[in-house]
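Novice: As you go down the protein sequences, you meet chains A and B in turn. Read left to right, the first sequence gives residues 244 to 676 (our numbering). Read left to right, the second sequence gives residues 244 to 676 (our numbering).
In short, the hints are calculated from the structure, not lab data. Mixed in with the good hints, there may be bad ones.
Put simply, identical chains are the same to the list, so a pair is met inside one copy or across any two.
Straight-line distance between alpha carbons at most 16 Å, and here's what the computed EDC-like set of lysine to aspartate or glutamate pairs gives [claimed, not checked]: (1) Lys395 with Glu427; (2) Lys395 with Asp274; (3) Lys395 with Glu471; (4) Lys314 with Glu443; (5) Lys395 with Asp273; (6) Lys660 with Glu423; (7) Lys251 with Asp536; (8) Lys295 with Glu674; (9) Lys295 with Asp648; (10) Lys604 with Asp437; (11) Lys604 with Glu636; (12) Lys485 with Glu329; (13) Lys251 with Glu366; (14) Lys660 with Asp365.
2 protein chains.
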Amino acid sequence: MMRTRPLKVALLGCGVVGSEVARIMTTHADDLAARIGAPIELAGVAVRRPSKVREGIPAELITTDATALVKRGDIDVVVEVIGGIEPARTLITTAFEHGASVVSANKALLAQDGAALHAAADENDKDLYYEAAVAGAIPLIRPLRESLAGDKVNRVLGIVNGTTNFILDKMDSTGAGYQEALDEATALGYAEADPTADVEGFDAAAKAAILAGIAFHTRVRLDDVHREGMTEVTAADFASAKEMGCTIKLLAICERSADGASVTARVHPAMIPLSHPLASVRGAYNAVFVESDAAGQLMFYGPGAGGAPTASAVLGDLVAVCRNRLNGATGPGESAYAALTVSPMGDVVTRYHISLDVADKPGVLAQVATVFAEHGVSIDTVRQQGRQDGDGEASLVVVTHRASDASLSGTVEALRKLDTVRGVASIMRVEGE
Amino acid sequence: MMRTRPLKVALLGCGVVGSEVARIMTTHADDLAARIGAPIELAGVAVRRPSKVREGIPAELITTDATALVKRGDIDVVVEVIGGIEPARTLITTAFEHGASVVSANKALLAQDGAALHAAADENDKDLYYEAAVAGAIPLIRPLRESLAGDKVNRVLGIVNGTTNFILDKMDSTGAGYQEALDEATALGYAEADPTADVEGFDAAAKAAILAGIAFHTRVRLDDVHREGMTEVTAADFASAKEMGCTIKLLAICERSADGASVTARVHPAMIPLSHPLASVRGAYNAVFVESDAAGQLMFYGPGAGGAPTASAVLGDLVAVCRNRLNGATGPGESAYAALTVSPMGDVVTRYHISLDVADKPGVLAQVATVFAEHGVSIDTVRQQGRQDGDGEASLVVVTHRASDASLSGTVEALRKLDTVRGVASIMRVEGE
Ligand SMILES: NC(=O)c1ccc[n+]([C@@H]2O[C@H](COP(=O)([O-])OP(=O)(O)OC[C@H]3O[C@@H](n4cnc5c(N)ncnc54)[C@H](OP(=O)(O)O)[C@@H]3O)[C@@H](O)[C@H]2O)c1
Ligand SMILES: NC(=O)c1ccc[n+]([C@@H]2O[C@H](COP(=O)([O-])OP(=O)(O)OC[C@H]3O[C@@H](n4cnc5c(N)ncnc54)[C@H](OP(=O)(O)O)[C@@H]3O)[C@@H](O)[C@H]2O)c1
């Protein structure tokens with residue numbers, strides 16, 4: 244049964260993820276061979292700094308010439324764990340042209356250039372797998388693409404960034420402010436020195452684009468994803484959330500419209516009810532909720548990052564790609580046949596929690612309510628609170644029924660023009676109800 | 244790209260699951276065709292009662308001769324949703340012999356005869372897929388077999404039976420006794436008229452055998468699974484669990500031993516801490532926790548049964564099997580290469596919560612503690628309570644450290660022989676810590 248000639252694997256990058264991939268390929272060689280039906284052999288490892296000591300990797304495999312490695316012509320599978328756009332992109336397309344299939348963990352690249360990379364894979368009749376690019380170890384791409392291939396996915400709602408979940412969880416449980424929680428995340432290694440990609444939602448937006456594309460069989464570009472970071476979430480927002488029986492999470496939300504003809508993808512902080520399974524996702528864990536016609540509500544939960552978890556996903560793909568190769572076949576590629584319209588944020592329909600600072604005098608509520616009504620935004624509850632400091636200001640907390648983001652923006656713009664509205668303290672969407 | 248000649252599907256059974264499979268095949272025909280790369284056609288539907296009206300299914304497709312249908316020779320995929328051992332088993336092997344691949348939802352059959360069925364599939368170079376057999380809509384077989392193919396799974400711990408989870412959840416939240424909660428489950432359609440397969444753990448044991456086999460790449464037979472039902476769980480047990488910060492769930496547990504050389508599979512009620520993600524699985528939902536070397540802890544959650552959710556899983560398999568067929572390939576089959584020893588229950592190591600009725604006099608605790616020590620079972624905590632009724636009895640609640648089931652059984656046997664021990668009120672394992 245077992246083929247004895249090994250399949251050759253080129254590893255591009257040997258950092259946090261790559262070193263774990265190499266380690267497991269060595270320590271679990273027998274298991275991998277049995278599961279694939281042929282042994283696999285590490286044929287070369289491309290890095291930037293050749294002199295760095297890399298435990299367990301024979302020095303003669305190390306090269307700084309990644310291009311020459313992918314061009315060798317005898318490589319079966321290229322594992323790209325360098326990250327970033329270039330040289331990763333060129334290396335992957337070169338790999339396809341030279342007969343290799345590719346496994347990648349590169350969400351930034353897949354979100355930006357997924358269509359072109361898939362086209363290159365198809366042209367050369369090769370596989371492009373990237374389970375590790377979204378939510379680390381959590382099987383998500385394969386369940387969406389294969390397990391749910393006979394179903395119609397309507398919604399993907401998830402916590403797909405561990406750094407921001409760690410920070411928000413900290414703020415929720417300790418009452419800390421954003422900066423304090425970020426500092427702790429940095430100290431513990433959960434946030435990078437420059438946390439921009441995480442806290443501004445870029446990382447989550449890349450994942451949302453990838454998930455939406457797969458869930459809806461429609462090409463969703465990174466630019467199609469509405470993105471708001473979580474740097475402006477305050478301890479006061481958490482207090483408001485608690486009053487609503489909610490907590491705050493940075494969510495990636497991909498939705499099919501009610502008429503089924505269009506989809507939206509977005510990343511922003513949102514209140515979700517404490518009873519929602521995503522509300523209890525602690526620390527740096529990730530979890531993704533999927534709603535479909537027939538299956539109903541599914542949730543996938545696990546570590547969203549880290550060397551070993553990410554390597555687990557890479558190796559699962561490696562086994563699949565090697566098996567396909569032995570079968571002379573390829574797995575399911577990009578499927579964008581549905582070609583649904585990707586609508587802008589204004590078309591998103593959800594609920595809103597709005598805190599206003601208003602003048603503490605009669606008639607203000609009526610004025611405010613009129614503005615909401617004029618914009619077709621129906622109010623669910625209003626809570627009016629006089630302030631202790633007697634400065635003539637009060638606060639007004641409005642929770643709306645479902646309304647479009649465009650109507651809400653129009654409402655807020657008009658509210659800002661009212662003399663009696665001193666300021667809009669916060670606007671937060673309410674999801675998962 | 245698209246092949247125009249349709250793939251032919253024979254549906255065996257058109258009950259709760261089968262009728263949903265047929266419905267979705269019709270309503271989602273275009274999507275399925277696009278995802279497969281060829282249209283699929285319902286070529287025949289085998290049932291027991293031909294005269295029953297079946298909405299949406301052309302009468303000329305209905306047959307009571309399932310054997311003739313699978314022998315037709317032009318069938319690409321047979322979907323078996325009859326259930327039970329025969330005729331399902333013979334129909335599946337006949338299907339392979341006549342050139343079809345098979346998708347089944349039949350846990351009872353797969354757990355009992357999985358090895359023979361896989362062998363028949365292999366011999367005929369056909370696929371046998373059965374995602375729907377375990378935990379309904381929740382992708383579990385595919386993630387274990389494919390996503391984690393590059394990892395080493397050490398533990399699978401899950402709620403895989405919705406009926407019993409509904410009953411236990413009810414007992415927990417309302418303080419109801421077993422019978423009362425069962426009656427409500429029956430009235431609401433969550434329990435069948437004869438609930439034996441569910442409440443005695445047979446259904447969960449079948450799923451445990453299937454999961455253990457896939458997780459450990461080892462053949463695990465239904466007889467290898469230790470099985471205890473949940474009919475003897477009492478309101479008092481829930482009260483004890485609460486005192487421990489726990490709840491009670493019927494768990495399917497598949498574990499690799501510490502030395503890695505053997506595995507165990509079991510189904511029984513157990514206490515788990517309220518902080519464990521499985522503790523908050525409500526109603527008839529299922530959830531499965533998977534622990535592996537590299538990925539760490541993953542959880543999969545969703546509806547474990549029902550016509551539409553189960554059909555979703557069947558259709559995901561159908562798409563995969565059709566794709567394989569167009570590729571002239573087969574997907575990953577049974578993988579039992581690891582051939583680990585399947586150890587008996589006595590070898591299982593876990594913690595225990597034991598309630599004893601004892602004589603209310605000095606020295607009893609010392610006697611009891613000596614028995615535990617003699618059997619090598621180390622005690623974590625003991626709580627001694629005099630009774631209000633002054634009948635000279637007290638109760639003693641012992642929670643142990645981790646010990647083998649064999650040592651615990653020996654301990655309990657010896658305890659029963661002590662004059663001062665009037666009775667062993669309950670023994671419950673404590674998991675998930
Ligand atoms: N880390 C995670 O938890 C995680 C989770 C999910 C996905 N990912 C993705 O996995 C990928 C890798 O992440 P990582 O954390 O492993 O990154 P990393 O630790 O920074 O490692 C990057 C590796 O690429 C090598 N490299 C950089 N530029 C190169 C070039 N031009 N030619 C050849 N090699 C080059 C580096 O070489 P030197 O060793 O010589 O510096 C290093 O070995 C990224 O796409 C990331 O988004 C990571
Ligand atoms: N129901 C669930 O939620 C669920 C969940 C997971 C897995 N499953 C599995 O899915 C399978 C089907 O379950 P189900 O709930 O759909 O069962 P069901 O409602 O009882 O349906 C069984 C179907 O098989 C037909 N049938 C019975 N004996 C037959 C025979 N000898 N030849 C041809 N057809 C025959 C019946 O015909 P008639 O219609 O004429 O009676 C009926 O259409 C079982 O293996 C079950 O374990 C079910």
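Novice: Work down the list of hints and note, for each, if the structure agrees.
Specialist: So, going through the hints one by one against the coordinates:
In this assembly of identical chains, Lys395 and Glu427 lie within 16 Å of each other by CA distance neither inside one copy nor across copies; the values are 41 Å within and 33 Å between. Taking the shortest alpha-carbon separations for Lys395 and Asp274, only the inter-copy value of 9 Å comes in at or below 16 Å, while the best intra-copy value is 35 Å. With identical chains, the CA atoms of Lys395 and Glu471 are never at most 16 Å apart, being 28 Å at best within one copy and 38 Å at best between copies. Proximity of Lys314 and Glu443 under a CA criterion of 16 Å is satisfied in neither setting, with 37 Å inside one chain copy and 60 Å between copies.
For the homomeric pair Lys395 and Asp273, the shortest alpha-carbon distance between copies (12 Å) is at most 16 Å, but the shortest distance inside one copy (39 Å) is not. In the homo-oligomer, the alpha carbons of Lys660 and Glu423 never lie at most 16 Å apart, since the shortest distance is 34 Å inside one protomer and 60 Å across protomers. In this assembly of identical chains, Lys251 and Asp536 lie within 16 Å of each other by CA distance neither inside one copy nor across copies; the values are 42 Å within and 24 Å between. In this assembly of identical chains, Lys295 and Glu674 lie within 16 Å of each other by CA distance neither inside one copy nor across copies; the values are 47 Å within and 44 Å between.
Within a single copy, Lys295 and Asp648 get their C-alpha atoms no closer than 51 Å, and across copies no closer than 50 Å, so neither meets the 16 Å cut-off. In this assembly of identical chains, Lys604 and Asp437 lie within 16 Å of each other by CA distance neither inside one copy nor across copies; the values are 46 Å within and 67 Å between. Only within a single protomer do Lys604 and Glu636 lie at most 16 Å apart by alpha-carbon distance; the minimum there is 8 Å, versus 70 Å between protomers. When the C-alpha separation of Lys485 and Glu329 is checked against a cutoff of 16 Å, the pair qualifies neither within a copy, at 44 Å, nor between copies, at 56 Å.
Proximity of Lys251 to Glu366 under the C-alpha cut-off of 16 Å is found in neither arrangement, the shortest distances being 22 Å within a copy and 29 Å between copies. Taking the closest pair of Cα atoms, Lys660 and Asp365 never come within 16 Å of each other, the shortest separation being 54 Å inside a single copy and 73 Å across copies.
Of the numbered hints given earlier, the model fails hints 1, 3, 4, 6, 7, 8, 9, 10, 12, 13, 14; all others are met.
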